[in-house]
Amino acid sequence: MNMVLNEEQRLLKDTIQDFLSTNAPVTAFRKLRDTQDNQGYSTELWRHLCELGIAAIVMPEEHGGLGFGYLGLGAVLEECGKNLTASPLLASVVLGASALELAGNETQQSLLDEVASGSLTLALAIDEHSHFDPLQTRTSLTENDSGFTLNGHKVFVLDGHTADRLIVVTRSRGEAGSRDGLSLVMLDSQTPGVKIDRHQLMDGRNVASIQFEQVSLPADALLGELHNGFAVIHTLIDRAAICVAAEMLGSAQEVFDRTLEYLKEREQFGVKIGSFQALQHRCAQMLCQLEHCRSAVVGALAALDKGSRGVSVQASTAKALANDCLQHISNEAVQMHGGMGVTDELDIGLFLKRSRVCNQIFGDSIYHRDRFATLMGY
Amino acid sequence: MSSLDQFRQETREWLSKNCPESQRQPVKKNEIIWGGRRRKFPSVDAQLWFERMRDKGWIAPDWPKEYGGGNLSVDECKILEQEMRSLGCRPPLYDQGLWMFGPALLKYGSEDQKKEHLTKITQGEIRWCQGYSEPGAGSDLAGLKTKAEDCGDHFLVNGSKIWTTYADQADWIFCLVRTNTEVAKQQGISFLLIDMESEGVTTSPIELISGESEFCQTFFDNVKVPKENLVYEVDKGWEVAKEVLKHERKLISKLDHMTEKEDRSVMELAKEVIGLDSNGKLRNSSLRDQLTRHLMAEQADQLSGLRIFQQMRAGQPDPKLPLTMKYANTSEQQRKDELFLAILGNQGLTWQDEAFPKSYRTLVQNWAYNKSLTIAGGTSEIQLNIIAKRALGLPE
Ligand SMILES: Cc1cc2nc3c(=O)[nH]c(=O)nc-3n(C[C@H](O)[C@H](O)[C@H](O)COP(=O)(O)OP(=O)(O)OC[C@H]3O[C@@H](n4cnc5c(N)ncnc54)[C@H](O)[C@@H]3O)c2cc1C
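Heads up: the protein sequence lines correspond to chains A and F, in order. Position 57 of the first sequence, counted from 1, bears residue number 57 in full-length UniProt numbering, the numbering being contiguous throughout. Position 218 of the second sequence, counted from 1, bears residue number 218 in full-length UniProt numbering, the numbering being contiguous throughout.
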């Protein structure tokens, strides 16, 4: 299992780093937020990023995949996390395209080319409650003569109001809580009976809640096998948890670096505040936590590339550690910036708020510790 | 097959043929193979295992052949380590000379010194101890006062060292001494090698909270040390001292040589003592969560170790990561020890009373012993100081 970037992956990372720091730095995100941009991300930026190939990084080669692997995608996501770059990378590629790749038939998979080029965007509607827990899915899918009827309510759908198509996790039979009876469907977001509301969360990104009322779907809306969607969802959780963790790692590194810079520059009592041991030790502990988190994330990305059997356990470790790490470091960053830390003028608060939203994407630490323990059999 | 794959296969075959079954069980304290003049093998198998590894050069696999090493490359050493671990082979020799002093002597010693001392280490003939700390110089090691006076053909050493692990068992001591009081404290220190049988050297053991008495206070009373026992240059010993510390911290952060290994994992123990409910979950949900936190951290620790190795091999070492390892791993080990105690409850409060299972008592004694992990080799606070300054560049 290799955790060190190879020559091409490093080149990719450098390219994206340059590109994002010029075209999509934190100030660009701030502007989207302040103007309450309807789209929530820059279409032009997404087009450029797709031209650079980032939407195709982990796609199968026949759909334009580049073969940089998850280690490469992780490096890109880390850069996005550093710059707080708003883009459909997570929703459309990591979640949407993965679902297509894992469950889709040939016709459905042919859409991957459009996703890779950026001409089509996807969103995955999975959450229904206050917390991530797909087994509790109640949104119902019933079979009828012409296909299916879909009823229910989804929340916290990333990019839900901008995506061209929605992939929805539904219950086609059984009780909430059961693994059996989960099914995935894909539909056009304009389908009659679909009502999408965008919400403003504290991180200024895109989420929507979606109501499905007697939505009629053709039989070929089904993605994968009826009732047997759990295996796909399980793999989706692994990929999503690891990729979100990679983005969070980038944010944690950035907010930590900015804090260190401040400690080396700000003076009180006639000395740099970074000379106070009380602050030094906390910074040193943050570095330990950050390196821990990095090992878990990079190890999990490498495990995805290798197709390791233990990848689910590693995925949960990566997400739990990333949640805890970014939460802790963003809190400390605010504290160590003093009064400046609680102003909107500084970017520190943006990282703080993003951290809490990321916590909830595909499972907070409590969810992932529970998942880890269950997978380990205790 | 690549030559490394071939090496792996040959190594595995050799080890399975040559490592006696009894030397593949977790090692108990009284089964450890220590070298030295008073060397006594705990068993016939232990002696066989030691001698085969010695003759193969694998006591110190990465040292040059001329000193009895194995001349293996970085990759080969890693493979040997992995194969030994997967078969459960015990280390064939325990010695601070092998672990800490030898690697530094390789870098700083004269050819004569290397020939003399490294060879005796790899042959298990001489056992070493470390004379750094003094009653007045612990974390502030450079404040040490044990004095070495230049008397022409020898140094005259006076003073005392403390916390000298196994000084009463060791044959030689590598020692930091003050040779200059006129300069900044780090610049007046020299690195001396002293035979413990020299006239004027005495030791007195100190008892630990774990009931063991591993370390001593060591006294030097007009001890004559030949000039040829100076490593590197006069007043330049601090440099050598730091090299030793680097290896010491790496060693402590690996942890596995320190205490008797537990015979079952913390997860198995939790299942056994706490039990599972009808959903297959540990009955105590708070312990379940604590256990998970620990297992996740342990997974990350192992990945960090692997990452350091892979970076080194790829020629892209990250200077920060290794600096975090001692602090991170020793803190985690202590959290694990506390978890063991929490799991055992009132069954985990003694190592003396033989009415309790031996395996529990070992865990409790390890808990007490491991309190020293965050002290020995530079305390956790000192590690954090080092990380803050060297890894993060925070100001003085
Ligand atoms: C099991 C064990 C084996 C050992 N073996 C050996 C050996 O073989 N040879 C040898 O030479 N030594 C050995 N030592 C000694 C060890 O290196 C010292 O104990 C250690 O360096 C700490 O020194 P001290 O005990 O004097 O504590 P002190 O330095 O007095 O520290 C007391 C407390 O003050 C804190 N402190 C001190 N300075 C600072 C600072 N600048 N900033 C913040 N906090 C600070 C420390 O972290 C600690 O918490 C061993 C120790 C142990 C526990």
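A portion of the hints provided could be inaccurate.
Said to hold, decoys possible - Simulated DEER-style distance windows between Cβ atoms: (1) S86/F with D180/A: 35 to 45 Å; (2) S86/F with E225/A: 37 to 47 Å; (3) N346/F with K195/A: 57 to 67 Å.
Hints are computed from structural coordinates only; laboratory data are not their basis. A virtual CB, placed ideally from N, CA and C, is assigned to each residue, including glycine.
### Query
Is 35 to 45 Å a correct range for the gap between the Cβ atoms of S86/F and D180/A?
Once the Cβ atoms are compared, 39 Å apart, the range 35 to 45 Å for D180/A and S86/F holds.
### Query
Is the hinted range of 57 to 67 Å satisfied by the C-beta distance from N346/F to K195/A?
59 Å, holds
#### Entry: C-beta pair S86/F, E225/A: status relative to the range 37 to 47 Å that was hinted
39 Å, holds
Checked against the numbered hints given earlier, this structure breaks none of them.
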